[in-house]
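Visitor: With chain H's structure known, arrange chain E on it following the hints.
Keeping their order, the protein sequence lines are chains H and E.
Residue 57 in the working numbering sits at position 17 of the first sequence, and the numbers go up by one each step.
Residue 321 in the working numbering sits at position 281 of the second sequence, and the numbers go up by one each step.
Think of the hints as simulated: they come from the structure by calculation, not from any bench.
Treat the hints with care, as some may be off.
The list cannot tell twin chains apart, which means a pair is met if one copy fits it or any two copies do.
The calculated lysine to aspartate or glutamate pairs, modelled on EDC-like cross-linking and capped at a C-alpha distance of 20 Å, are [as the list claims (entries may be wrong)]: (1) 78 to 343; (2) 284 to 374; (3) 333 to 405; (4) 401 to 196; (5) 389 to 377; (6) 119 to 151; (7) 284 to 272; (8) 74 to 339; (9) 164 to 410; (10) 120 to 453; (11) 338 to 55; (12) 389 to 409; (13) 336 to 447; (14) 198 to 113; (15) 419 to 445; (16) 91 to 446; (17) 164 to 433; (18) 401 to 382; (19) 419 to 55; (20) 74 to 453; (21) 91 to 272; (22) 338 to 374.
Quick caveat, the model's predicted, so the values are computed rather than measured.
There are 2 protein chains.
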Amino acid sequence: MAISNIRYGEGVTKEIGMDLQNLGARRVCVMTDKNLSKLPPVNAVLNSLAKYGINFQIYDNVRVEPTDQSFLDAIRFAKKGEFDAYVAVGGGSVIDTCKAANLYAASPTSEFLDYVNAPIGKGKPVTVPLKPLIAVPTTSGTGSETTGVAIFDFKELKVKTGIASRAIKPTLGIIDPLHTLSMPERIVANSGFDVLCHALESYTALPYNMRSPCPSNPINRPAYQGSNPVSDVWALHALRIVAKYLKRAIRNPEDREARANMHLASAFAGIGFGNAGVHLCHGMSYPISGLVKTYKPKDYNVDHSLVPHGLSVVLTSPAVFAFTAQIHPERHLEAAEILGADIRTARIKDAGFILADTLRKFLFDLNVDDGLAAIGYSKADIPALVKGTLPQERVTKLSPRPQTEEDLSALFEASMKLY
Amino acid sequence: MAISNIRYGEGVTKEIGMDLQNLGARRVCVMTDKNLSKLPPVNAVLNSLAKYGINFQIYDNVRVEPTDQSFLDAIRFAKKGEFDAYVAVGGGSVIDTCKAANLYAASPTSEFLDYVNAPIGKGKPVTVPLKPLIAVPTTSGTGSETTGVAIFDFKELKVKTGIASRAIKPTLGIIDPLHTLSMPERIVANSGFDVLCHALESYTALPYNMRSPCPSNPINRPAYQGSNPVSDVWALHALRIVAKYLKRAIRNPEDREARANMHLASAFAGIGFGNAGVHLCHGMSYPISGLVKTYKPKDYNVDHSLVPHGLSVVLTSPAVFAFTAQIHPERHLEAAEILGADIRTARIKDAGFILADTLRKFLFDLNVDDGLAAIGYSKADIPALVKGTLPQERVTKLSPRPQTEEDLSALFEASMKLY
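Same shape as in the complex, but just chain H (with noise of 0.2 Å):
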């Protein structure tokens, strides 16, 4: 496995203009969203370039949970720019359209389903070189910083989907804890249910030397390539971040410590299933996100309704580890401890339900919406979020457990209410 720089401090960013200099940066595209393009990140950013001389340009466009036709734009305005780095400033959505933007930019005769995941997309390899891209994550969540993915909304199938590949890993990534203290408590809430779940999700994989088929050449093997002794340790490490300070981070903006230490959890979460994979929440979540009726979070200045990717995914958290623990039960009841379980007279059969309690009371405490019906879905809608969790396989082939249509359809039902 490789994994990807990371710098980390308070106030490192005010070296990207350096860092973009030592790259021999003539003219950056600085990528951001209308919300942060006011905020003391961006302004960070901007001073810093300022103060080195750099050109740059500013899209800030970018959608929070993008969608295919935000990825164009972004990729249109990067193919005009003819840029030779870029810096994305922002949560997920901006780091995973700025990826988007740089790879069809350094590939401009390539069709947009070229690289979207098979079997959406056609999955192909990426040959073309990138310019450089220099990360600055928002949020304490996504560990975008640290992948090779972006996600993106499939408006015609109303599905989540991206693009996979270690090519658009961006090149360096910079963990400023101060860009955290102007997160809202739900973002914070949100993005740290995201870190979450990468970090149980990542553990609890099928084992690397379990997947098949095994590919015949080393440089098949897919981005993620299950639990393994690696990716366990960045896992395990993110679980007892989270469990120490989220709760904290949440409720106070001023506890620079948790707050700092979540946006470390967020990248060290990041390179675990970044190379380790996740499986059954964010296979099932991407529906949940794509079928969205009118939910409006709160914190959120959006104009169109969403289902915060962290909040989707941890729905139905509860549910499959309850489904997921009859293999490896004990890394489940392992995950539970560390979450503040008493696990000394627990039964190792019961370590799924145990996981799956000590979820429910951990976001009981955090008031979130009480499962997907508290978000807008019923009964009558799990035959769709079934259809749209089937395409997911590169990351539900990765549950340690197989699953059917009925397996996934009582996984939604188990997750619409949780209290």
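Guide: For chain E alone, coordinates are given in the frame of chain H:
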């Protein structure tokens, strides 16, 4: 920080021919030493190269604990061979020699001292492109497969020094636990002590944000950055593996679980210290090795006196951590607990003594030579040992506690006898 590629698994060495094909290699240099050249790890590599039709030449003249002269011999071979890729199969001596050969063959007009660490050499930055190097470690200690460091004995000055640059970091490290099964007992022990000290030193090194002067440009940061939240994860994880598995791995060559875990711990600790750095145990070890008199360790089949690197490092560890613990005593106490100490009633001001005692007990149980006196040194040698430590400021300055010549003298004296 950037982290090397590693691949882990029993038997993964058999893919190396395919890796070289993927790299487009046509003339490969395989480096090893005379003992290893007849053993299974080298056979596994050569069989894979033959299977995939890769042309290669073998250099098996690597010296265990290499010198400037043995580096130069390997460099001459590399220059003459005009290789387009390198494979190093062996312990740290082999991998380090191969890094140097690759570097100087790619930089034919350079003088040998150009890239050697200042103040002994000129410490010039590496700007030439190197050929791919795949490292296949056969010991479990050095972590050289994950680092940009190559260490040798500079005969003229009777001191160890080295080359340190991210540019010489191997392209890929193949961590194949099968190779550990042929390791003799003392080699498992001594290489394991190197892992132990990598973990302890990098965890207690001067923190990354307390180094000074702070380079004005991030590109000028040294390879060794001080302890930081990323290297801490690796150091602690490696230390836990050492505590659980090192004794088992030494005692029983058939304990595949223990040997596999130590093989992985070596790479993990390498990722940690390759980023954070090491400090006094390593800095003081170079003269301990360099000034060797007549000591010939058990299980090393060589025709010259030598102090194995891991042994030279660990013998001062009780004295060193008793000395450094006044800075970050809680980290010293945490390390002692991981290594088995009961710290429930410990006082924080005793942290250094507790860790020192824990280390002494650990070494006694493993039947390690009783201090520097047991490997041929006496009080009369201390001035020379101190003098040999002074040029190692690249690492000694990472000690959390600054040290005078008198301090070094006292540390050597306290290390003459351990039990």
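Visitor: Decide, hint by hint, whether the structure agrees.
Guide: Cross-check of the supplied hints:
Taking the closest pair of Cα atoms, residue 78 and residue 343 come within 20 Å of each other only inside a single copy of the chain (18 Å); across copies the shortest separation is 70 Å, beyond that limit. With identical chains, the CA atoms of residue 284 and residue 374 are at most 20 Å apart both within one copy (15 Å) and between copies (18 Å). For a Cα distance limit of 20 Å, the shortest separation of residue 333 from residue 405 qualifies neither inside one copy, at 26 Å, nor across copies, at 67 Å. Taking CA atoms no more than 20 Å apart as the test, residue 401 paired with residue 196 passes in neither setting, with 37 Å inside one copy and 67 Å between copies.
For a Cα distance limit of 20 Å, the shortest separation of residue 389 from residue 377 inside one copy, 15 Å, qualifies, whereas the shortest one across copies, 32 Å, does not. Within a single copy, residue 119 and residue 151 get their C-alpha atoms as close as 14 Å, which meets the 20 Å cut-off; across copies the closest is 46 Å, which misses it. Taking identical chains as interchangeable, the C-alpha atoms of residue 284 and residue 272 lie at most 20 Å apart whether they share a chain (18 Å) or sit on different chains (17 Å). For a Cα distance limit of 20 Å, the shortest separation of residue 74 from residue 339 inside one copy, 15 Å, qualifies, whereas the shortest one across copies, 67 Å, does not.
Within a single copy, residue 164 and residue 410 get their C-alpha atoms no closer than 40 Å, and across copies no closer than 61 Å, so neither meets the 20 Å cut-off. When the C-alpha separation of residue 120 and residue 453 is checked against a cutoff of 20 Å, the pair qualifies neither within a copy, at 47 Å, nor between copies, at 69 Å. In this homomeric assembly, residue 338 and residue 55 never come within 20 Å of each other (Cα to Cα): the closest approach is 34 Å inside a single copy and 52 Å across copies. In this assembly of identical chains, the alpha carbons of residue 389 and residue 409 never lie at most 20 Å apart, being 29 Å within a copy and 49 Å across copies at closest.
Proximity of residue 336 to residue 447 under the C-alpha cut-off of 20 Å is found in neither arrangement, the shortest distances being 29 Å within a copy and 65 Å between copies. In this assembly of identical chains, residue 198 and residue 113 lie within 20 Å of each other by CA distance solely inside one copy; the values are 19 Å within and 64 Å between copies. Taking identical chains as interchangeable, the C-alpha atoms of residue 419 and residue 445 lie at most 20 Å apart only when both belong to the same chain, with a minimum of 15 Å there against 76 Å between chains. Taking the closest pair of Cα atoms, residue 91 and residue 446 never come within 20 Å of each other, the shortest separation being 59 Å inside a single copy and 47 Å across copies.
In the homo-oligomer, the alpha carbons of residue 164 and residue 433 lie at most 20 Å apart inside one protomer (16 Å), although the nearest pairing across protomers, at 50 Å, exceeds that limit. In this assembly of identical chains, residue 401 and residue 382 lie within 20 Å of each other by CA distance solely inside one copy; the values are 13 Å within and 34 Å between copies. For the identical chains of this complex, residue 419 and residue 55 are neighbours neither inside a copy (52 Å) nor across copies (50 Å), given an alpha-carbon limit of 20 Å. In this assembly of identical chains, the alpha carbons of residue 74 and residue 453 never lie at most 20 Å apart, being 37 Å within a copy and 65 Å across copies at closest.
Taking CA atoms no more than 20 Å apart as the test, residue 91 paired with residue 272 passes in neither setting, with 41 Å inside one copy and 34 Å between copies. In this assembly of identical chains, residue 338 and residue 374 lie within 20 Å of each other by CA distance neither inside one copy nor across copies; the values are 33 Å within and 42 Å between.
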